[in-house]
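Visitor: Going by this note's numbering, the residue at position 145 of the sequence shown is 136; the numbering climbs one at a time, nothing skipped.
Please keep in mind that the hints were generated in silico from the structure rather than gathered at the bench. Fair warning: there could be bad hints in the mix.
Unchecked claim - Derived DEER-like restraints, expressed as beta-carbon distance ranges: (1) V130 <-> I260: 22 to 32 angstroms; (2) E75 <-> M225: 17 to 27 angstroms; (3) A264 <-> D118: 32 to 42 angstroms; (4) I251 <-> G330: 17 to 27 angstroms; (5) D118 <-> E274: 21 to 31 angstroms; (6) E353 <-> G272: 42 to 52 angstroms; (7) S101 <-> D141: 49 to 59 angstroms.
As the list claims (entries may be wrong) - Think about it this way: if two alpha-carbon atoms lie no more than 30 angstroms apart in a straight line, the pair counts; the simulated DSBU-like pairs of lysine-lysine are: (8) K88 <-> K115; (9) K63 <-> K244; (10) K88 <-> K262; (11) K63 <-> K88.
Built from N, CA and C at the ideal position, the CB exists for glycine as well.
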Amino acid sequence: MLRSRSSPAAPLPPHGPRANLHLAPKSARRRRFWSFSGALAAAIAAALWLIPPRDKPAPPAAPQSPAVRPRKGVLERTVRLSGEIRARRSAGIVAPKLRGTRSRGLSDFSLALQWVIRPGALVKPGDPLAEFDRRAMEVRLDDYRADVEDRRRVVRRVQASLDERRAVLEQRIRVAEANVAKARLNLKTIPVRSAIDAERFRLHLEEATASLRELRRQAAYFDVSERSELRRQMLLLREEELEYRRAEANREKMILRAPIAGVVVLGQIQKGAEYVEIGQGDEMRPGYVFLQVVDMRHLVLEARANQVDAQRIAPGARARVGVDAMPGVTIPARVTAVGSLAAGRHYRPDFVRQVVVRLDLERSPVAVHANSSAWADVVVESIEAGVIVPRECVGAGGVVRVRGGDQWRDVPVVTGAANHIEVVVTSGLTGAELLACGQDAGLANVANIR
């Protein structure tokens, strides 16, 4: 059976939901492309229209920082020091050291504060500052007063007894002398006496002479004994009087008075694990400085300078002192002393040694307190200059920005001597200009200014 050959049949179009993806026309893609290109071109055109034309360079912008004017005068080179405000004249009040014979178990020498002045009070010389409990010392004083009176009576009694014994001894000596004289008279009658009476008279003379000699020898020893006994009683009396005067002085010492005029500053005492201000009832140790009187009318600054800067500081140099607690306030001062010994810190090795510098404040503000932290600018050199401007006004290459009318222009200048904050302009400025400072001056590097 023969089959006829025929051409292959054409493929049938696909059916189903994916058929629409293959049927999308090319004209739709072209429309989306041209729409996006048109929107982009419109955005670029709008941006170009908003940018202003740049036909000529813009003038320097107005400075944002405050403008300054140059000054004329003296350029000062200073050294900055730091330290603490101290009182030139102050007095430390110490707990008294009581003197006297001490006995175990007695509390005569206890130093318990019975009254103390309030801190910050103004006092004058002689005003009471503190008082310790004097009751035990007053009892001790009364006891020694009675002991002194008793000892004086004992001395008088011993003196009377010694006088009586001396009178008795002197009377015995006079009797012995009379016996010797009588025996000598009897001895003259020997020619008319018998041999027995003559021998008896000679024996009486020898006995009277020996008795007189013994009494005179006893009198010498009696003088030594009498003087020693009287001396012993007088020493005991002196000891009692000395203890009495010590007790009286101790009683006066237990009331402390101000030696100078000033402000009262109370110390602190440790109670448990903290330090508290000294008050009534606290017991002090002898010699402990528990109170100070500070004369605030004369203040000094005790500062420290490193060993290099100290070579440039001389006594008599002018300075400006500022207190950290009073910003903006400066006090004129002068250097009165520069230490001769450079020392380092004790708590760690320090190769940069420091020298103590003392400055006297020419005036003492009322608000300044002792022991306040402060600083000082000591003038070590003064240079007569023409025009002086702040260092931050000089830009790189020695250019300053000067205001001319409503605009700012850059002016080259020649600089001279300088310190940490100012520089001398030798040419380029007259001193009447208005200058921009800081970033507005175009400051790039001022390290070349010396």
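Visitor: If you test the structure against every hint from before, which numbers come out violated?
Guide: 2, 7, 9 and 11
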